[in-house]
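A.B. asks: Generate coordinates for the entire structure from the input sequences, incorporating the hints supplied.
Chains A and B supply the protein sequences, listed in that same order.
If you're matching positions, the first sequence starts at 1 in this note's numbering and goes up one per residue.
If you're matching positions, the second sequence starts at 319 in this note's numbering and goes up one per residue.
If you are wondering where the hints come from, they were derived from the structure by calculation, not from laboratory data.
Among the hints, a few may not be true.
Label-pair ranges, simulated between beta-carbon atoms [what the hints assert, rightly or not]:
{"hint": "1", "chain 1": "A", "residue 1": "Gly-164", "chain 2": "B", "residue 2": "Asp-398", "range": "25 to 33 Å"}
{"hint": "2", "chain 1": "B", "residue 1": "Thr-328", "chain 2": "A", "residue 2": "Gly-164", "range": "29 to 37 Å"}
{"hint": "3", "chain 1": "B", "residue 1": "Gln-511", "chain 2": "A", "residue 2": "Lys-189", "range": "30 to 38 Å"}
{"hint": "4", "chain 1": "B", "residue 1": "Gln-439", "chain 2": "A", "residue 2": "Ala-124", "range": "40 to 48 Å"}
C-beta: ideal position from N, C-alpha, C; glycine also.
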Amino acid sequence: MPRTSVADLPRFDCRDAYVATLSELAHEDHRIVGVVNDSIGSSKLNSFRKSFPNRLINVGIAEQDMVGVAAGLANGGRIPFVSAASCFLTARALEQIKADVAYSNHNVKLCGMSPGVAYGELGATHHSIEDIAWLRAIANLTVIVPSDPVETGAALRWAAAVEGPVFVRVSRMSVPQVNADDYEFVPGKAVTLREGTDVTLIANGTVLWRALVAAEQLAAEGISARVLSMPTVKPLDVEAVVAAARETSGIVTVEESTVAGGLGGAVAETVVQHHPAHVTILGVPEFAPTGSAAFLLDRYGMSPEGIAESARGLLRHG
Amino acid sequence: MTAIHPLETTEHVTMPVLGRLAAHAGRAEQIAHIAEAARQIRIQDLKLVYHAGAGHIGGDFSAIDILATLYGTVLDISPDRLTDPERDRFILSKGHVAGALYTTLAAFGFLPVADLATFLQPLSALNGHPNRTKVQGVEANTGPLGHGLPVAVGHALSAKLDVSLRRTYVLVGDGELQEGSNWEAMMAASQYQLDRLTVIVDRNRLQQGATVKETNDLDPLPDKAAAFGFAVVEVNGHDHGELLDVLSSVPFRPGKPTFVIAHTHKGHPISFMSNNVAWHHKVPNEAEYHQALTELETVRHPRFGKEH
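C.D. replies: Next comes the structure, spelled out in structure tokens:
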């Protein structure tokens with residue numbers, strides 16, 4: 001057991017990693033442009049605009065146009081990084097994401113900012129809990145949910161290098177760094193952050209660190225919890241999920257999104273087809289009430305204590 | 319109801335490949351070239367829809383003179399330059415008239431004429447709506463309405479960033495302008511002063527089941543487009559000379575994108591189809607097919623007039 005809990009590590013805003021990486025990429029490759037819907041401030045892109053005034057295209061509050069414009073920029077040889085609050089990017093422009101980007105296989109990177117319940121107090125209109133389920137259902141689209149600033153930067157760097165449509169969730173909630181400094185993003189691959197034999201916790205995004213703290217708590221009681229980081233929801237690492245189903249007593253999935261069709265859904269679909277196992281899906285089961293993101297995550301059983309309790313419950317009744 | 323005709327033969331695919339006439343040809347020669355191309359495209363498109371048992375022939379015939387003018391002379395593209403980033407772009411936003419686009423692409427050598435025989439057949443690349451990953455020469459996947467114009471704005475922006483002279487043309491239906499995404503895109507086009515972007519409206523005044531006016535009226539369309547910052551021009555969308563003159567001389571105002579309102583008739587010039595709302599996606603029966611074919615092959619049509 002580590003001497004310092006993950007809970008005590010310093011916290012970072014992944015948007016800082018986002019803008020730093022995007023600026024580096026833009027210096028390296030003239031084809032890279034930003035496309036926004038008046039979301040320069042909320043995407044923290046002011047420094048990018050300063051460095052590349054002509055390469056930050058602001059179409060105003062017009063998400064359908066924003067995604068169509070990005071497809072057209074890609075047609076002209078550019079690599080657009082669309083940056084907008086995930087609730088609006090994915091919901092208002094869903095058909096553009098499907099037809100103009102994914103079906104057209106255009107080289108567009110969609111960056112959903114402040115996803116999940118990051119805008120907790122603003123109410124359920126601004127919670128982006130459905131984005132993963134929606135986008136996971138669209139062919140051609142890789143869906144990535146990074147868990148910390150290192151992974152955010154690495155995923156964006158990978159997205160810029162690969163030809164084709166990619167969705168990356170970029171969190172605004174402060175999170176500790178859980179991946180190593182030299183972490184390299186591998187699409188479709190889980191990362192085993194903790195070995196374990198009794199139960200498996202699979203998580204991504206802003207709640208991954210909470211799963212790690214839950215595993216620390218379980219270890220203190222003699223329960224060995226494996227923790228899998230699953231940054232790529234699509235394609236999912238089927239092999240790692242099947243191994244978890246086979247080698248441990250059950251799986252608890254933890255995600256900052258709806259319990260319908262997200263990471264938990266993907267894991268459940270996988271185990272029933274390959275190696276039936278007990279899966280407890282933690283997420284947001286309803287239109288969430290007002291409250292900070294941390295409050296809401298705790299409320300829905302995603303505090304470290306809540307996750308540990310779900311794991312115990314699974315071991316008791318599984 | 320019209321019977322579905324299984325494609326047992328490909329004898330109906332008989333279109334000549336005409337190719338693009340270089341810009342240095344004289345105006346009269348260009349107009350004659352476009353007119354013959356449009357006639358051949360209509361004949362082949364009629365056969366296509368009749369034999370496939372499906373399609374949007376009314377909207378096809380409304381748009382074919384515009385397509386023939388663009389591909390026949392205006393667009394700086396050719397089948398051997400499809401990967402040249404400096405080629406002009408054409409985006410068909412009213413994607414349901416894919417049959418007209420495929421036939422046009424075949425007429426100008428982008429698509430093997432023989433491929434037209436597969437239109438709407440199982441596993442064919444020629445879907446009922448065009449797909450850029452399946453069909454050479456298609457620049458954007460369209461079908462759901464209101465998508466082409468934002469994509470065209472994005473392409474025009476990329477050209478501007480590249481300080482390139484390549485042009486972007488997008489054809490939208492007038493009913494399609496009821497989709498709000500078009501107006502979002504028009505605001506952006508104007509804001510970014512995309513004067514190498516030309517929007518062509520196929521103004522046939524009919525949508526699927528009724529007139530545009532009865533459904534959600536667009537008028538005064540020229541005023542609306544002008545208010546959104548476009549230089550607006552109205553043309554007879556079936557007059558090849560007018561289309562050629564207008565489409566090859568944009569922009570009309572430096573710094574402003576161009577909005578060409580092409581007055582057309584759905585089903586033009588077939589006597590029983592023209593301006594008839596029933597022909598949105600109706601398929602001709604055998605008698606109608608032969609009559610339409612005869613009209614296209616033999617009748618010299620009176621000049622299309624503005625009846626609006």
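A.B. asks: Decide, hint by hint, whether the structure agrees.
C.D. replies: Hint check results:
Checked against the hint of 25 to 33 Å, the pair A:Gly-164 and B:Asp-398 passes, with Cβ atoms roughly 26 Å apart. Between B:Thr-328 and A:Gly-164 the Cβ separation comes to about 35 Å, which falls inside the hinted range of 29 to 37 Å. Separation of B:Gln-511 from A:Lys-189 is about 46 Å and departs from the stated range, judged on CB atoms against 30 to 38 Å. Between B:Gln-439 and A:Ala-124 the C-beta distance comes to about 46 Å, which sits within the given range of 40 to 48 Å.
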